[in-house]
Each structure stands twice: as structure tokens, then as C-alpha cells.
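Take these sequences, add in the hints, and give me the full structure.
In order, the protein sequences belong to chains A, C and U.
Once you know that position 314 of the first sequence is 314 in our numbering, the rest is easy, because the numbers rise by one and skip nothing.
Once you know that position 35 of the second sequence is 35 in our numbering, the rest is easy, because the numbers rise by one and skip nothing.
Once you know that position 174 of the third sequence is 174 in our numbering, the rest is easy, because the numbers rise by one and skip nothing.
No lab work stands behind these hints: they were computed from the structure.
As the structure is a prediction and not an experimental result, all values here were calculated from the model.
Ideal Cβ positions, reconstructed from N, Cα and C, are used throughout, including at glycine.
Misleading hints may appear alongside valid ones.
[To be verified] Result set (DSBU-like, lysine-lysine): computed pairs, CA atoms no more than 30 Å apart in a straight line:
1. C:K194 - C:K238
2. A:K128 - A:K85
3. C:K108 - C:K119
4. U:K243 - C:K72
5. A:K85 - A:K69
6. C:K19 - C:K242
7. A:K77 - A:K55
8. C:K108 - C:K194
9. U:K341 - A:K55
10. C:K119 - U:K243
11. U:K243 - C:K108
12. A:K128 - U:K243
[Stated by the list, open to error] Where chain U lies over chain C, by a calculated footprint (3+ residues, C-beta under 8 Å):
13. 11 to 19
14. 28 to 40
15. 222 to 229
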Amino acid sequence: MDAIILQILNGLDKGSAYALIALGLTLIFGTLGVVNFAHGALFMIGAFCAVTLQKLLGLSYLVEDPTQKDFLGNPLKVQVPYIEKWLGADLGAAIIDWSVPLAILLAIPVMLIFGFVMERGLIKHFYKRSHAEQILVTFGLAIVLQEIVRFFFGANPIQTGAPSALFGSFDFGVLAGYGPDLIIYPYWRLIYFLFALLVIAGVFAFLQFTTFGLVVRAGMQDRQTVSLLGINIDRRFTAMFGIAAAVAGVAGVMYTPILAPNYHMGMDFLVLSFVVVVVGGMGSLGGAVLAGFLLGILQSFASMNEVKAVLPGIDQVIIYLVAIIILLIRPRGLLGRKGVMED
Amino acid sequence: MDNVVLHVADVYKSFGGLKALTDIDLQVMEGTTHAIIGPNGAGKSTLLNVCIGRIPPDSGAVVFDGTVITGKLPHEINQLGVVRVFQTPEIFPDLSLLQNVMVPAFAKRDGAFRLNAAKMVTGQTDIIEDAERWLADVGLVDQRHSHAGSLSRGDKRRLELAMGLIQRPRLLLLDEPTAGMSRHDTNATIDLLKKIKERVMTKVIIEHDMHVVFSLADRVTVLAQGQVIADGTPDEVKGNPKVQEAYLGGAHV
Amino acid sequence: MLGSSRQDHLFLLFVIVLTLATPILLQPFPENSAMAQFNAGYPDLMQRFAIYGIFAMGFNILFGLTGYLSFGHAAFLGVGSYSVVWMYKLLSFNVLPGLALAVAASAVFALFIGYVSLRRSGIYFSILTLAFAQMSYNLAYSVLTPLTNGETGLQVYSNDPQYLLNPQSPTSPHIFGWAMNDSTKLTLGGWEFTFNNGYYFTAIIAILAFYISMRIFRSPFGLMLRAVKTNRRRLDYSGVNTKPYMLSAFVISGMYAGLAGGLLAAMDPLAGAERMQWTASGEVVLMTILGGAGTLMGPVLGAGLIKYLENIFSKINEGVLHQWFSWLPDWLSDSLITVVKPFVGDGWHLTLGLMFVLVVVFLPGGMMEGARRLGGMFRNKPDGKPVRSELRPAE
Chain A
1 MDAIILQILN
11 GLDKGSAYAL
21 IALGLTLIFG
31 TLGVVNFAHG
41 ALFMIGAFCA
51 VTLQKLLGLS
61 YLVEDPTQKD
71 FLGNPLKVQV
81 PYIEKWLGAD
91 LGAAIIDWSV
101 PLAILLAIPV
111 MLIFGFVMER
121 GLIKHFYKRS
131 HAEQILVTFG
141 LAIVLQEIVR
151 FFFGANPIQT
161 GAPSALFGSF
171 DFGVLAGYGP
181 DLIIYPYWRL
191 IYFLFALLVI
201 AGVFAFLQFT
211 TFGLVVRAGM
221 QDRQTVSLLG
231 INIDRRFTAM
241 FGIAAAVAGV
251 AGVMYTPILA
261 PNYHMGMDFL
271 VLSFVVVVVG
281 GMGSLGGAVL
291 AGFLLGILQS
301 FASMNEVKAV
311 LPGIDQVIIY
321 LVAIIILLIR
331 PRGLLGRKGV
341 MED
Chain C
1 MDNVVLHVAD
11 VYKSFGGLKA
21 LTDIDLQVME
31 GTTHAIIGPN
41 GAGKSTLLNV
51 CIGRIPPDSG
61 AVVFDGTVIT
71 GKLPHEINQL
81 GVVRVFQTPE
91 IFPDLSLLQN
101 VMVPAFAKRD
111 GAFRLNAAKM
121 VTGQTDIIED
131 AERWLADVGL
141 VDQRHSHAGS
151 LSRGDKRRLE
161 LAMGLIQRPR
171 LLLLDEPTAG
181 MSRHDTNATI
191 DLLKKIKERV
201 MTKVIIEHDM
211 HVVFSLADRV
221 TVLAQGQVIA
231 DGTPDEVKGN
241 PKVQEAYLGG
251 AHV
Chain U
1 MLGSSRQDHL
11 FLLFVIVLTL
21 ATPILLQPFP
31 ENSAMAQFNA
41 GYPDLMQRFA
51 IYGIFAMGFN
61 ILFGLTGYLS
71 FGHAAFLGVG
81 SYSVVWMYKL
91 LSFNVLPGLA
101 LAVAASAVFA
111 LFIGYVSLRR
121 SGIYFSILTL
131 AFAQMSYNLA
141 YSVLTPLTNG
151 ETGLQVYSND
161 PQYLLNPQSP
171 TSPHIFGWAM
181 NDSTKLTLGG
191 WEFTFNNGYY
201 FTAIIAILAF
211 YISMRIFRSP
221 FGLMLRAVKT
231 NRRRLDYSGV
241 NTKPYMLSAF
251 VISGMYAGLA
261 GGLLAAMDPL
271 AGAERMQWTA
281 SGEVVLMTIL
291 GGAGTLMGPV
301 LGAGLIKYLE
311 NIFSKINEGV
321 LHQWFSWLPD
331 WLSDSLITVV
341 KPFVGDGWHL
351 TLGLMFVLVV
361 VFLPGGMMEG
371 ARRLGGMFRN
381 KPDGKPVRSE
391 LRPAE
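Below, the structure is given as C-alpha cells:
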């Protein structure tokens, strides 16, 4: 039993990332009708917002420390970040320590602008073109984005740590009445899961309770009728693209302590997220979220040694296998509406 | 001449709660031109879709020349000799007119599938000549090398008619062949359909233009609200009070 | 309009001459000139032109004719490579048994993947093929290690059985003793030409593959595939069973990919799982689009251009740039270098991505459409079919 709980917990953080990316993909597909192969790149760019902030905060100058001497007896020169100079040593150090959560504040405006520019500059010209062409152009864009990031940040993963206060793990086992150290779960993964839930709830609440969201939802159901009512649906859809980009971006920011970001992480997640969207049902927001968590957990179960002993290699293929089976027996996906892109 | 070619036997179909077809029973005799008429929403198009396997009926069956065709795939029904010409023209917009007509010709000659990859299309002179002949019959032979997508709507319909006719169907189903056409084009189409009368044995025409129906049909079936309300020669149907009511009732109110 | 066969024969002759003369044509600059770095007449590069040309030709039979966008063709490339190396390990370094197995194995594999994937169309088809290829890739790295040798890659070891190997046999890939890596060099003035056996072997196969693809394009079968692209549903109502047509196209296209993968291993006796990764699938899509999907020549040119630019761009580094711009004033040369640097060397993929976006946005018909737009040069174009300037999905 404890092993099962552990695997479910392990699947949650990856599932959260899948769910957040898939949610954005679905928003874009549902509103704009665009198959966005560059969405993984947005996740990656979010992650590099965190890296950028960390680097910016780390900018420092040399100062002589009178309390320390080097081996020649001269006062030792140490690197002091500017931020500690301006805001005082304690506050400055705290800000540097908390750079990942703070990067969200940077990532949201950056990603919103990024999303708008991308939609107005490129994607908008592809509404009327085929899905194959949308796939191709966004695929090309994804290559461009990841290569730009590689040019500035190099090819190697960059460690970006969580705040030191949030190191350590949470012992679920004790809480649930099992022995200690049986089910331990790092704080940051728990935070990521809760954060993902919060973002998902936020997006759903936004769509559910605001007029803006109402119009967008109506537009997802029947674009023409909404346009006939004299509502400029396109502008709202553009805004949704920005929001989807921001969701992917913050998902990337918060994921950095779990996986050191590299320039091709976007593509790795994209392929899986597309599978998630298909399993959940193209165009179904709830389906994207549900399938994201389900597949994350499923993958974590498949990596158990007991499972691998029976079905070798299952951990490598489980998600694809599920997708193939779903597409063949229930093409509209778990929660997809009947008739939406069913063939 | 008394053979029943198409027998729609007790077909019932509903969409959700809406009864589209209620116990339709209909016989089409070999060699006749059989018109199915009725006001909008009477179920004419649904009936045609059931006949070509696009929509499965809830109950009942469609029998073509002794073979039950309900449940068969569209290409199987076509291979039996039942060809449909659509109301909104269904063509291959990226192919030339000639290629458009050659595709069904190949399907007729080679069957539903043949890996005919070793021969050249240009070497298939019999098919090309045949296709050009049919294009000439519908008056499009001069444009045979242009893209079908660039044709006007009326020309697309004539092209589709040629695509159907080249298969020499045993039963041709025409879905409102003149809908949306000007009087002049309508008359041209009527002339064309009369011209092919000798070549195509049996035709079913769905139509609501009475002028077309009474110029072409040997027999008329009237549908209203998913039911057959009259069946007979054009003159019999014309005088039927039920038809008057169903058809003209709305107009008089 | 439908292409006369006389025109086709001339076109084919043109392609043959071009292919056979490649070692000369791609070596336009004398060996010691500054421009020599733009020469492309190197055996391994020319081999890649021919091999990726075959890969793209095959992909084009599926995507160009039917509009079905497969994102998993790299799987067949990998199967082909593994087949050839296994035949080396079991029999001898003769490439023929391996290539035969490569084509057969990829056909069987494509039959299975195609049968399942073709039950859906449009984006679902793309994702299904992608899923199958990624599965193959992941499995090649994990449980299939006994077959694929995992991350190390499959290669021939001295303790492999090689039952047909006798003491006189070459110990590198060959065909009946004619070693692939042997070359004849010809020096003429400042020019040096390399006529490599391996290149001519792949070139002859590429010409055959091109001929077959041309026959398919011109055949009634090819016409049916085009019809699928423009209106699949209409075909059903014309009495055509589209499924076997699509499956045949998929299998033929998979066999081309398997042959290409086999040839890669026939030139260099090594096979790694990265050949199956989805980036490799993406590459063949790029080649086909860049050249012009649905045209006969386009994908081959696209493959050649991408492999050529890859070779040239990756070689350029900051030092080379300095050399180029040395005649400019310093401030100008420095700023030029700063601008150009991200696009060359390691940054080659950035150029590739940009090129790809620009082509899809402005020139969806690829290079072939560009050439046509450029004017009358191609007026008597041998590829007699007007090519659609848009890519349609198969929906």
C-alpha cells in the first residue's frame, strides 16, 4: 500500500507539468483552432526566465573583505552581488535564495508579451491553413526558439535550485500511519503539485466566472454564432493565446528545481503533452488536466521494478501505448466532445 | 421492365427524438426515372443517405437488385452499380477535370483496389478517350486540363454528373440536380438528363422544382414529415389532395 | 498535362547525368582557393545526398501524394540500419543481404504501423506515427538492447560469427569485393575529384529509386493517391477502397526509408538508436517541404540542400568569419561577425529553423515553386503536373 501511495505521489509532479502544458495546448486548439508544436518551447522559455533571473540577481562586483586575508596577507576580494549592496545583505541574500518563485513575476509579463507577439506576428496567418501547415510552421518556430536559447545559455543543463528553506522532504508515511521514511516526498514537488492545482483552478475560474471567459467558452463551442452577435472574438482569442503561453511559462519556471533546464526540454515535454491532449480529448480542458495527471501517475507506476520485471521496458512506452489504444478505441479521447476532430 | 431495382423496405430512422423517416417503403422499377419530392425537412436527403450507406437506418433495409446494401461500405455500394451525384458538388478540386473523371472510371474498371503502379496513366487510352467523351457530353471537354477547383458551381455539378455517368451506373441517384440554378441552367440540365436517359437505366431524382420533376419523371413518390404520402405517375400525384395539402398548405396560410 | 513519357525519359536522363557527374559538379573550386570550403565533392557528403534523397523521395510518396503527414518515418530508417549491421555480424561485409533485409524488415514494420495509424487521419495520424516512432526509439535504448546494443550502437565485433566471411573477403562494407570506401582520385590542374565506390553504389540505387517514384507518380495508383489528398470521401463514393491504397503508399514509403537507413549502415557499419529519434523524422519533413512536397525532384533537392548547408554552415567558425570580413573596416567586420555568428557553426540549426519557417510562410510549395515563380526557365518543366502551392491535410 505504501508503495502505491509513493508511486501516485511520484507521478503527481510530472503529471502536473503535463497537465499545465496540455491545458495551454487545449486552450489554443479550442479557441484558435491551431495545433501549436511550439508550446513546449514556451514551457522551456519559462524555465529560462528563472535561469535569467537567477543570473541577473547573481551579478556581482568585487569588494575587499577586511576580515579575511588571502595567503599573501592582503585583504581577500570577494564577490558581492549588487542586490546585497542595494538592499542590504540579508534581504539581498533572501531574494537570491528565492529567485525561482520570484521568477514567476518576471515570467508572467514576459510570456504574455511573447504570446501576443507570436500570435499576431505568425500564428494569425495560419488560421485558415491546414493543420499540417500549422504543425510545420510551429515546429519550425520551436526549433528557432530552442536554438536561440542554446545560443545564449549553452547546451548544458543549468542547475536552478529551490529556496533553501524548501529543501528537505515531507514524510507522508508518518502522517498516514506507516513507519517513518517509507513515503517521503520532497517539499518542492508537493509545492509544484499545489501550484499546478492553483493555476488550473485559476484558469477554470477565469473561464467560468468572468464575462471574458464566458465569451471565450461560447466561442470554443460555436465561433460563428458568437461572431454574429457582434463580439470581437478574435481579440479575446489572442488574449487566450497569451494566457496559454503564460501558463506554460510559469509551469516551466516552477519546474526548474525538479529538472535542471536545458534548451531541448521543451520538445521532450511537447511530444508527451500532445499525447496527453489526445488521450484527454482534443479541445477538452478537463480532459487535458485529467489525462495529464493520469498519465503522469501511470508512468510512475510503470517505472516500479515489480512492474518492469513482468513487462520489461513498459516504463519507456506506457504513455505512447495508452495513446495508441485510446486513439483506436475511443478517438475522441477520455472527455472529448463527440464529433470534434474525430477522424 | 417490371423488375424492382431498388427496394427501400420499412426503413425507420430518427435523430435523437426527431423522426426523420418513418416506415418508408418504396420500390423503384428498372428503367424508370423515379422522382422523390416533398417539402423541406421531409426526409428526402436522409433517405438518399441511407441508400448509399452514409447513414445507417435504425431498422429496415435497402435492397438493390436482390442484394441487401444497408450496412455495406460506400465503395461497396458503388461497386454494385449505385452511384450518387451530390447536391453540393463533391469533386477533386486539386485534380484536372480529366483526372476527376478518370478516377471513377478506374474504379469501375479495376475494382475497389488494384495496385496499378507499373502502368502510366497516359497509356490508358481507353479510359482517357471515354473520359473525354463524357466531358464532351456535359460540355466541359475544352477545359479538361484545367483545375476542377476553379470551375463555377454549375460547372462543378456537370463535372460530377460526368464522374457518375462514366461508371455507367445501374442506378443513378441525383440529389437536387438543379438546386440554386438559374432557369436557363435548369433547362440545360433537364436536357442533359433527358439525353442520358437511354444510357442510364434507372434514375432516382430528389427534387423540389416541380418543373424538373414533371419534365423527367415516370413515377413520383411524395414524402412529408418522414412518411410516404403519395406514390404514382406524375398526373396521379398532381391530383392527389393530400399532396396539395402537404405541399401547398404552407403557402396558402 | 499528364506528362508525356518522352519528356519523362529526357528528365530521367538529365537526373542520371547529374547524379553520375556529381563528384565533378560539386567540386567547382580549385583545391587551394579560398572558396574550396564550399566544395561538396567529398565521398561521405555525396553519399548522404543520395541516401537522404532516397529517404525524402519515399516520404514524398506518402506526404506529397496523399497529404498524410507522418512524424515517425525515422523508425524505418533505424530498422534499415540495424538490419544491415546484423547481416554484417551474421554473414559477411557484403551489403546486399543486409539491404534486402532492410527493405523487407521495414516493409513488415511499416505494414504494422501503417495498419494501425491509418485508421485515423489528420493530426491524429501524425501523432500516432510519432508515438510509434518514439516507442521504437525508447525500446531500442532499453529492453531491445540485445538487438540494438543500446547507447553504444550496433557494430561488428571480431568475435561475431560472420559465417560467410572467408580470409580473402574485405573487412569493410563491399559488394562482391568492390569496397565501398575505395575511391579513385583525379587531379586536374588545381582541381581534385574523388570518385568513390560507395557514392556510385548509392547513386545507382538512388536513380533506381527515383525511377520507381516517377513511375508511381505517373501511374493510376499515383492518381488515386492524389485523389485521396484532395477529397478522400469522394473516393469512397466513387467505388474506391482508400484503405489499401493508403496502406500501400505507407509501406512503399517505409521501404524507401528502410533502404535509406540500410545504405547509411552500408557506407558506415554502425547503427545507433538516435537515427530513430523524432528529430530525424522532423528532418525528412523539412527536406520534403523545403524542396517542394508533391513534386518529383523537390524532395531530392531539399535533401541535398539541407545536407550541403549543414556541412558548410557547421564548418564555419569565428576564425573563418574573420578571414572573410578581413577586408572590411574593423568596426564593420566585428559587427557583421556578431550578427552572423549565431547562425553558423553550432548555430546551424537556428538557420535551418528560420529557413523552414520562412518557407512554410512564404513559399509553401518549396524550392520547386520558387523556381517556377522565378520564371520561364522551367517552362517546359518535365514534371508536367502543376504543383499545388498549399499543403492539404488528409482530412
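Results of checking the hints against the structure:
1. C:K194 - C:K238: Between K194 (chain C) and K238 (chain C) the Cα gap is close to 21 Å, so the pair holds against 30 Å.
2. A:K128 - A:K85: Measuring from Cα to Cα gives roughly 54 Å; hence the hint is violated.
3. C:K108 - C:K119: Since the Cα atoms of K108 (chain C) and K119 (chain C) sit roughly 17 Å apart, the hinted pair holds (cutoff 30 Å).
4. U:K243 - C:K72: Distance ~15 Å between K243 (chain U) and K72 (chain C) Cα, so the pair holds.
5. A:K85 - A:K69: Roughly 21 Å between the alpha carbons, so the hint for K85 (chain A) and K69 (chain A) holds.
6. C:K19 - C:K242: Within the cut-off at roughly 20 Å; holds.
7. A:K77 - A:K55: The hint holds at about 20 Å.
8. C:K108 - C:K194: OK: K108 (chain C) and K194 (chain C) at ~23 Å, within 30 Å.
9. U:K341 - A:K55: Measuring from Cα to Cα gives roughly 23 Å; hence the hint holds.
10. C:K119 - U:K243: 21 Å, holds
11. U:K243 - C:K108: Judged against 30 Å, a Cα distance of about 17 Å means the pair holds.
12. A:K128 - U:K243: Given that 30 Å is the threshold and the Cα spacing comes to 28 Å, the pair holds.
13. 11 to 19: Since 0 is below three, the answer is violated.
14. 28 to 40: violated (count 0)
15. 222 to 229: Coverage by chain U is violated here, the residue count being 0 at a Cβ distance below 8 Å.
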